[in-house]
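Going down the list, the sequences are from chains U and L.
Position one of the first sequence corresponds to residue 6 (the numbering used here), numbered consecutively onward.
Position one of the second sequence corresponds to residue 6 (the numbering used here), numbered consecutively onward.
Calculated directly from the structure, the hints in this document are not laboratory data.
Predicted, not measured: the structure shown is a model, and the values here were computed from it.
Think of the CB as a built atom: it goes at the ideal place given N, C-alpha and C, for glycine as much as any other residue.
Heads up, a few of these hints could be off.
[Stated by the list, open to error] Residues of chain U placed beyond 10 Å of chain L at every Cβ, according to the derived structure: (1) R98; (2) F127; (3) E160; (4) R367; (5) R405; (6) D544; (7) S572.
[What the hints assert, rightly or not] The following residues of chain L were derived to be distant from chain U, with all beta-carbon distances above 10 Å: (8) V46; (9) P63; (10) V75; (11) K187; (12) I356; (13) R405; (14) R525.
[As the list claims (entries may be wrong)] Just some of the chain L residues that point at chain U, by a computed CB distance under 10 Å: (15) S71; (16) G93; (17) F94; (18) L381; (19) V385; (20) G387; (21) N556.
There are 2 protein chains.
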Amino acid sequence: MRRRTTLAAKAAFSMGLDFGTNSARALLVNVRDGREIATAVAAYPSGTSGVLLDRQDPNLARQHPSDYAVALTRCVRAALRTAAKTRGFEPERVVGVGVDTTASTPLPVDEHCVPLGCKPVFKNDLNACAWLWKDHTSHAEAEQITELARRERPEYVAGCGGVYSSEWFWSKILHCTRVATKVARAADSWLELCDYIPALLTGCDEVSRAPRGVCAAGHKAMFRPGSGLPAADFLRRLHPGLGKLRARLYDHAHTSDQVAGELSSAWARKLGLPAGIPVAVGTIDAHAGAVGAGVRPGRLVKILGTSSCDMLVAPASAPVGEIPGLCGVVDGSILPGHYGIEAGQAAVGDIFNWFVTHFDGRRDAHERLTAEAQRLRPGVSGLVALDWNNGNRSVLADPRLTGLLVGQTLQTSRSEVYRALLEATAFGARVILERLELSGIRVREIVNCGGIAEKNPLLMQIYADVTGRPMKLARSAQTCALGAAIFGSVTAGPRRGGHASVERAQRAMCGLKSAVFKPRAPARRVYDELFAIYQRLHDAFGVSESSGPINTIMKDLIRLRERTRASS
Amino acid sequence: MRRRTTLAAKAAFSMGLDFGTNSARALLVNVRDGREIATAVAAYPSGTSGVLLDRQDPNLARQHPSDYAVALTRCVRAALRTAAKTRGFEPERVVGVGVDTTASTPLPVDEHCVPLGCKPVFKNDLNACAWLWKDHTSHAEAEQITELARRERPEYVAGCGGVYSSEWFWSKILHCTRVATKVARAADSWLELCDYIPALLTGCDEVSRAPRGVCAAGHKAMFRPGSGLPAADFLRRLHPGLGKLRARLYDHAHTSDQVAGELSSAWARKLGLPAGIPVAVGTIDAHAGAVGAGVRPGRLVKILGTSSCDMLVAPASAPVGEIPGLCGVVDGSILPGHYGIEAGQAAVGDIFNWFVTHFDGRRDAHERLTAEAQRLRPGVSGLVALDWNNGNRSVLADPRLTGLLVGQTLQTSRSEVYRALLEATAFGARVILERLELSGIRVREIVNCGGIAEKNPLLMQIYADVTGRPMKLARSAQTCALGAAIFGSVTAGPRRGGHASVERAQRAMCGLKSAVFKPRAPARRVYDELFAIYQRLHDAFGVSESSGPINTIMKDLIRLRERTRASS
Numbered sequence: 006m007r008r009r010t011t012l013a014a015k016a017a018f019s020m021g022l023d024f025g026t027n028s029a030r031a032l033l034v035n036v037r038d039g040r041e042i043a044t045a046v047a048a049y050p051s052g053t054s055g056v057l058l059d060r061q062d063p064n065l066a067r068q069h070p071s072d073y074a075v076a077l078t079r080c081v082r083a084a085l086r087t088a089a090k091t092r093g094f095e096p097e098r099v100v101g102v103g104v105d106t107t108a109s110t111p112l113p114v115d116e117h118c119v120p121l122g123c124k125p126v127f128k129n130d131l132n133a134c135a136w137l138w139k140d141h142t143s144h145a146e147a148e149q150i151t152e153l154a155r156r157e158r159p160e161y162v163a164g165c166g167g168v169y170s171s172e173w174f175w176s177k178i179l180h181c182t183r184v185a186t187k188v189a190r191a192a193d194s195w196l197e198l199c200d201y202i203p204a205l206l207t208g209c210d211e212v213s214r215a216p217r218g219v220c221a222a223g224h225k226a227m228f229r230p231g232s233g234l235p236a237a238d239f240l241r242r243l244h245p246g247l248g249k250l251r252a253r254l255y256d257h258a259h260t261s262d263q264v265a266g267e268l269s270s271a272w273a274r275k276l277g278l279p280a281g282i283p284v285a286v287g288t289i290d291a292h293a294g295a296v297g298a299g300v301r302p303g304r305l306v307k308i309l310g311t312s313s314c315d316m317l318v319a320p321a322s323a324p325v326g327e328i329p330g331l332c333g334v335v336d337g338s339i340l341p342g343h344y345g346i347e348a349g350q351a352a353v354g355d356i357f358n359w360f361v362t363h364f365d366g367r368r369d370a371h372e373r374l375t376a377e378a379q380r381l382r383p384g385v386s387g388l389v390a391l392d393w394n395n396g397n398r399s400v401l402a403d404p405r406l407t408g409l410l411v412g413q414t415l416q417t418s419r420s421e422v423y424r425a426l427l428e429a430t431a432f433g434a435r436v437i438l439e440r441l442e443l444s445g446i447r448v449r450e451i452v453n454c455g456g457i458a459e460k461n462p463l464l465m466q467i468y469a470d471v472t473g474r475p476m477k478l479a480r481s482a483q484t485c486a487l488g489a490a491i492f493g494s495v496t497a498g499p500r501r502g503g504h505a506s507v508e509r510a511q512r513a514m515c516g517l518k519s520a521v522f523k524p525r526a527p528a529r530r531v532y533d534e535l536f537a538i539y540q541r542l543h544d545a546f547g548v549s550e551s552s553g554p555i556n557t558i559m560k561d562l563i564r565l566r567e568r569t570r571a572s573s
Numbered sequence: 006m007r008r009r010t011t012l013a014a015k016a017a018f019s020m021g022l023d024f025g026t027n028s029a030r031a032l033l034v035n036v037r038d039g040r041e042i043a044t045a046v047a048a049y050p051s052g053t054s055g056v057l058l059d060r061q062d063p064n065l066a067r068q069h070p071s072d073y074a075v076a077l078t079r080c081v082r083a084a085l086r087t088a089a090k091t092r093g094f095e096p097e098r099v100v101g102v103g104v105d106t107t108a109s110t111p112l113p114v115d116e117h118c119v120p121l122g123c124k125p126v127f128k129n130d131l132n133a134c135a136w137l138w139k140d141h142t143s144h145a146e147a148e149q150i151t152e153l154a155r156r157e158r159p160e161y162v163a164g165c166g167g168v169y170s171s172e173w174f175w176s177k178i179l180h181c182t183r184v185a186t187k188v189a190r191a192a193d194s195w196l197e198l199c200d201y202i203p204a205l206l207t208g209c210d211e212v213s214r215a216p217r218g219v220c221a222a223g224h225k226a227m228f229r230p231g232s233g234l235p236a237a238d239f240l241r242r243l244h245p246g247l248g249k250l251r252a253r254l255y256d257h258a259h260t261s262d263q264v265a266g267e268l269s270s271a272w273a274r275k276l277g278l279p280a281g282i283p284v285a286v287g288t289i290d291a292h293a294g295a296v297g298a299g300v301r302p303g304r305l306v307k308i309l310g311t312s313s314c315d316m317l318v319a320p321a322s323a324p325v326g327e328i329p330g331l332c333g334v335v336d337g338s339i340l341p342g343h344y345g346i347e348a349g350q351a352a353v354g355d356i357f358n359w360f361v362t363h364f365d366g367r368r369d370a371h372e373r374l375t376a377e378a379q380r381l382r383p384g385v386s387g388l389v390a391l392d393w394n395n396g397n398r399s400v401l402a403d404p405r406l407t408g409l410l411v412g413q414t415l416q417t418s419r420s421e422v423y424r425a426l427l428e429a430t431a432f433g434a435r436v437i438l439e440r441l442e443l444s445g446i447r448v449r450e451i452v453n454c455g456g457i458a459e460k461n462p463l464l465m466q467i468y469a470d471v472t473g474r475p476m477k478l479a480r481s482a483q484t485c486a487l488g489a490a491i492f493g494s495v496t497a498g499p500r501r502g503g504h505a506s507v508e509r510a511q512r513a514m515c516g517l518k519s520a521v522f523k524p525r526a527p528a529r530r531v532y533d534e535l536f537a538i539y540q541r542l543h544d545a546f547g548v549s550e551s552s553g554p555i556n557t558i559m560k561d562l563i564r565l566r567e568r569t570r571a572s573s
């Protein structure tokens with residue numbers, strides 16, 4: 006009798022789905038070794054690069070909920086077409102699907118999980134669409150929530166640095182409740198995008214049964230294990246509608262190694278994947294990115310893009326206390342059984358893009374400025390900047406801070422300012438690192454990923470020189486989608502060719518690039534001095550009235566400039 | 006018998022000669038009404054736009070002394086050619102010549118007033134040339150002089166804000182004495198450029214007899230009426246050569262209503278002017294500019310160019326005490342019988358040029374940025390800058406201060422920064438104004454002149470709105486040369502068709518443009534708030550350790566930005 010080869014013995018693949026700001030990505034990964042055999046990106050068809058804007062209100066940023074299904078279908082089918090060329094691949098060998106998305110991007114839905122924005126009655130109603138993470142229309146509501154929580158329920162914001170953001174779940178729903186009564190009333194519930202996609206793929210048509218991920222719940226909706234979402238009386242104080250809504254939301258939230266459901270036959274057909282394979286509980290893109298970069302206790306993962314996300318985990322057995330100024334500490338938000346710790350800088354690549362867009366008109370401006378900045382030695386420009394053009398996320402948790410540049414003369418060049426901005430983000434990164442260690446969380450290793458880490462070796466070298474730590478790079482160029490695929494492989498489990506745990510999947514599927522940026526002692530010494538100046542500015546402008554004197558800062562910079570210019 | 010018309014009854018003209026950084030200008034003015042009948046400019050032929058540079062040393066800026074005679078001849082002859090077309094003009098009707106130049110621009114000369122740089126033995130020796138005002142090679146010497154004076158003879162620097170500059174007479178000579186022994190030894194004396202030109206024109210061939218102007222002597226060489234130049238023992242402490250040099254310099258200095266000598270026949274022939282007409286004692290360009298703008302007690306003249314000079318006079322009968330932070334208070338330096346009071350900002354136009362050159366690549370960048378900045382209302386950008394890219398002259402008298410910009414976001418545009426820089430110079434101007442008035446010097450009227458005042462109505466309106474004072478403009482577009490011509494007319498005296506005093510000449514020859522920039526109350530209210538923030542930054546970065554808290558500055562700016570954006 007011919008022995009049947011089991012699926013597990015053959016190659017098995019996992020599909021990671023990553024829903025970004027402008028497009029969706031599908032990544033097919035070999036579960037055994039993490040080899041990425043196919044990837045495809047599909048843009049959201051609506052709005053400006055997928056974002057619905059309002060000319061009257063620069064704070065508004067929405068997405069049309071029908072775009073997700075469209076982009077999802079396109080990118081999965083495209084990835085499968087590419088994968089078909091790989092020997093040994095067949096769609097039947099895809100054993101699980103994982104999902105990550107931007108957050109907080111909540112959508113109002115009806116009781117059948119249908120987004121209100123897809124219903125004819127709400128056609129062209131921006132408030133019925135998905136409220137994209139970077140929508141800031143609800144800044145007044147965020148302040149109100151922060152204030153109420155600080156006064157009455159400080160534990161609600163203790164895990165997010167003491168400030169509830171206008172980018173988050175409750176701020177947006179509260180704002181919608183105020184400005185779009187009809188939408189708010191029609192919304193049976195609100196789903197985070199990372200919960201909507203699994204619900205969609207698994208054909209969930211009862212919103213009360215749609216599994217919610219603990220990652221978005223904990224980091225964005227003040228969900229806490231045990232007590233769940235904020236108390237109804239707290240929400241009622243914000244708006245009676247919120248108090249009523251709470252009862253229709255959820256009491257449980259799940260880690261992403263859990264199965265949200267099985268891929269429905271309808272979506273299996275549409276995508277060309279096997280029906281019935283497990284779809285993992287959705288998670289936030291940065292958190293998936295940390296998983297894809299091999300996050301583990303002691304390994305800090307920095308995801309460097311328009312902003313930065315600094316992700317860490319600590320075993321749940323050794324409880325992490327409050328860490329002042331960090332964005333969030335949520336049990337299970339990154340790895341099951343670990344606290345997920347999130348910090349970040351509100352702008353990194355965005356600052357460089359801002360500068361290039363507004364203060365340089367040349368073609369290939371980034372490349373040219375980088376080449377020029379590369380030739381400058383630390384300290385010679387006599388400049389220091391604060392990287393707060395988009396506020397400060399960690400450790401000041403203050404969105405109403407702004408940028409600063411000091412030290413400019415009549416000779417200061419564009420590339421000097423550009424380099425000062427790169428350095429400013431490195432100083433901001435060092436502040437976070439020092440705060441983590443001060444809180445007793447050891448950082449043994451730093452792994453970078455994201456577009457900027459991939460593309461900007463100068464920035465990586467500056468980060469190494471400023472922090473005095475080697476900067477490593479994740480092997481994958483798409484760690485978020487890889488992290489989602491890892492969750493997909495775990496939901497499949499070893500019997501179907503997947504993995505028994507996230508850690509095991511990471512060991513098999515993650516890796517590092519061989520190149521490492523090592524700190525250079527001479528640069529580091531100069532940067533220690535510049536960082537001391539950065540800290541004085543940081544405290545003088547960001548902290549308290551009793552910060553040290555800053556009247557010598559300009560001269561300290563001039564002395565450093567003269568000294569570094571004089572040395573060869 | 007046919008009655009001879011006296012020269013006095015006919016039209017009389019005065020020639021003003023203005024030696025700038027890149028060129029010389031000749032201006033022919035009708036003495037009766039100040040009408041400017043001809044003007045001509047001639048560039049200095051050597052170096053880069055007339056300035057000799059050293060690739061190895063960005064601090065070096067010299068001029069070839071032979072350039073002055075060349076440019077002088079060209080511009081005077083060109084002006085006379087133009088004037089020939091004016092009815093009633095004949096060269097014989099030029100009754101006097103006045104001279105102003107940059108300062109401090111000292112030249113080493115031999116005992117016959119011949120510049121060493123013109124001698125074959127010093128051919129190509131930059132140290133034997135004129136040391137242009139903006140040469141900063143002697144910054145170490147300036148610090149040494151400041152230190153010694155503060156310690157032992159504070160009265161020497163009391164009149165110049167407590168800091169002796171690297172741009173001034175003794176710093177430059179001390180540096181030359183150190184680095185170019187041969188030149189220093191060969192120099193029988195040193196002449197300021199404003200003393201060299203009259204010596205040249207009047208054929209003075211004994212340097213010990215060359216009249217020295219009190220303006221450059223008092224403002225640049227620490228000359229004081231009564232005691233003269235700094236004491237020999239003080240100078241010896243700096244360098245033995247300086248002690249010896251003092252004996253060969255001068256004990257007297259003169260106001261510019263005095264005659265330096267008569268135009269020599271040789272120069273009269275060369276220029277096409279009548280021999281024997283009086284040449285006034287030379288003065289500094291800014292001081293002549295104040296005279297040409299009609300300076301008088303209560304009228305502040307602001308000369309706005311690459312930097313600003315704020316010029317005032319106070320009757321010598323009411324002695325002016327020390328005014329901390331002002332550049333200089335010298336008896337007779339502007340108007341005879343009055344204290345000449347000088348303050349200024351180290352960079353005004355230079356800051357705008359810096360920004361445009363380095364952060365804008367467009368054609369007509371100034372015009373475009375101005376048009377865009379014009380459309381912005383005060384406060385809406387949420388930006389404040391310190392105008393210290395070239396240090397701070399008044400009132401901090403600290404060349405080692407640098408620029409600062411605060412409030413930038415990811416939306417901050419180029420034109421917003423440009424406007425913030427315009428506003429920064431206006432805030433700097435207001436600080437000077439308030440310091441003057443605090444010292445008991447009333448400013449009843451402000452008259453602006455110089456290239457920027459002429460060309461930039463937006464800047465003038467901002468100055469009016471920031472200071473709460475009407476901004477007037479001098480009628481002449483070349484007040485420096487006009488001031489020199491006024492001195493020329495006074496040296497001629499009434500008998501030869503000139504004037505009896507500088508005040509009388511000013512009444513006849515100066516005027517204002519009819520357009521006045523008036524402060525607008527709504528803008529002024531916003532600027533009062535921005536100025537309060539500027540002052541906090543000014544004190545925090547420029548003054549003492551005990552300045553007030555600045556940790557609220559970013560938020561104060563955001564609130565102001567939001568408020569001003571919301572108001573129509």
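Hints, one by one, checked against the model:
| no. | hint | in the structure |
| --- | --- | --- |
| 1 | R98 | 45 Å, holds |
| 2 | F127 | 30 Å, holds |
| 3 | E160 | 27 Å, holds |
| 4 | R367 | 7 Å, violated |
| 5 | R405 | 5 Å, violated |
| 6 | D544 | 8 Å, violated |
| 7 | S572 | 17 Å, holds |
| 8 | V46 | 25 Å, holds |
| 9 | P63 | 8 Å, violated |
| 10 | V75 | 30 Å, holds |
| 11 | K187 | 28 Å, holds |
| 12 | I356 | 7 Å, violated |
| 13 | R405 | 5 Å, violated |
| 14 | R525 | 27 Å, holds |
| 15 | S71 | 30 Å, violated |
| 16 | G93 | 47 Å, violated |
| 17 | F94 | 43 Å, violated |
| 18 | L381 | 14 Å, violated |
| 19 | V385 | 13 Å, violated |
| 20 | G387 | 7 Å, holds |
| 21 | N556 | 6 Å, holds |
Taken one by one, the earlier hints fail for this structure at numbers 4, 5, 6, 9, 12, 13, 15, 16, 17, 18, 19, listed in ascending order.
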